[in-house]
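Engineer: Sequence:
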Amino acid sequence: MSIRKKDMDTLRLKEDDGFVWQRLRRDYNFAIGDANGQTMTPYIFTALSYFNGLFFGTTHADNQLYGVILSPNGRFVIDANRHYDKIILDTISSRFYVAKQGQYGICDMTGRVIVEPVYEEILDTDTYYMVLQNNHWGCIEKDGTIVFPPRYDNFEKMENGYRIFLDGQEGWLDLSGKEHWSEK
Numbered sequence: 003m004s005i006r007k008k009d010m011d012t013l014r015l016k017e018d019d020g021f022v023w024q025r026l027r028r029d030y031n032f033a034i035g036d037a038n039g040q041t042m043t044p045y046i047f048t049a050l051s052y053f054n055g056l057f058f059g060t061t062h063a064d065n066q067l068y069g070v071i072l073s074p075n076g077r078f079v080i081d082a083n084r085h086y087d088k089i090i091l092d093t094i095s096s097r098f099y100v101a102k103q104g105q106y107g108i109c110d111m112t113g114r115v116i117v118e119p120v121y122e123e124i125l126d127t128d129t130y131y132m133v134l135q136n137n138h139w140g141c142i143e144k145d146g147t148i149v150f151p152p153r154y155d156n157f158e159k160m161e162n163g164y165r166i167f168l169d170g171q172e173g174w175l176d177l178s179g180k181e182h183w184s185e186k
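Just so you know, our numbering puts the end of the sequence shown at 186, numbered straight through with nothing missing.
Everything hinted at is true.
Below, computed lysine-lysine pairings styled on BS3-like, alpha-carbon distance capped at 30 Å: (1) Lys180 to Lys144; (2) Lys144 to Lys88; (3) Lys159 to Lys180; (4) Lys102 to Lys159; (5) Lys144 to Lys102; (6) Lys159 to Lys144; (7) Lys88 to Lys102.
What follows is a set of in silico ranges between Cβ atoms, one per label pair, in the way DEER data are often shown: (8) Asn83 to Asp128: 30 to 40 Å; (9) Asp128 to Gly170: 25 to 35 Å; (10) Asp92 to Thr48: 20 to 30 Å.
Derived by calculation from the structure, the hints in this document are not laboratory data.
Ideal placement from N, C-alpha and C gives every residue a C-beta, glycine not left out.
Turn these sequences into a full structure, and let the hints guide you.
Structural biologist: This is how it looks when you write it as structure tokens:
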């Protein structure tokens with residue numbers, strides 16, 4: 003498929019290897035095209051931008067919003083079939099926060115799901131994610147391993163485990179996962 007001159011948009015990107023990418027526009031939809039005017043994707047995006055080697059696009063189909071991320075070769079990193087409502091790039095951790103029906107999760111730069119989108123909130127710390135579900139906090143390692151599920155009112159990381167709070171009580175969770183509660 004070729005494009006007409008009026009389909010060209012102002013965004014042109016030149017990669018380190020000399021390849022030129024263009025954001026293409028036809029009516030109210032966008033596509034990705036190469037420097038020769040050949041489309042790399044269909045005209046399905048209602049918004050399309052570029053950051054750090056990836057195209058970010060959204061499309062509306064069947065009155066649903068789908069977040070889409072494409073690598074410069076036109077491959078879907080996060081496919082529209084996942085039906086995410088929103089995709090946000092965290093440029094510091096090189097991860098994507100994804101939202102689906104008001105619940106949040108995390109994908110890596112290859113599109114692999116690290117944290118399923120089942121949490122009301124995700125807070126990123128230096129070493130782990132704090133996740134909120136049903137008003138309780140849990141802890142997930144950066145690789146997606148669940149340290150402990152959402153069960154506590156709050157928690158804090160300590161050198162030898164976690165300080166935990168539940169129903170007005172304070173205790174600590176050792177590295178093996180055993181709870182130790184303070185005497186009242």
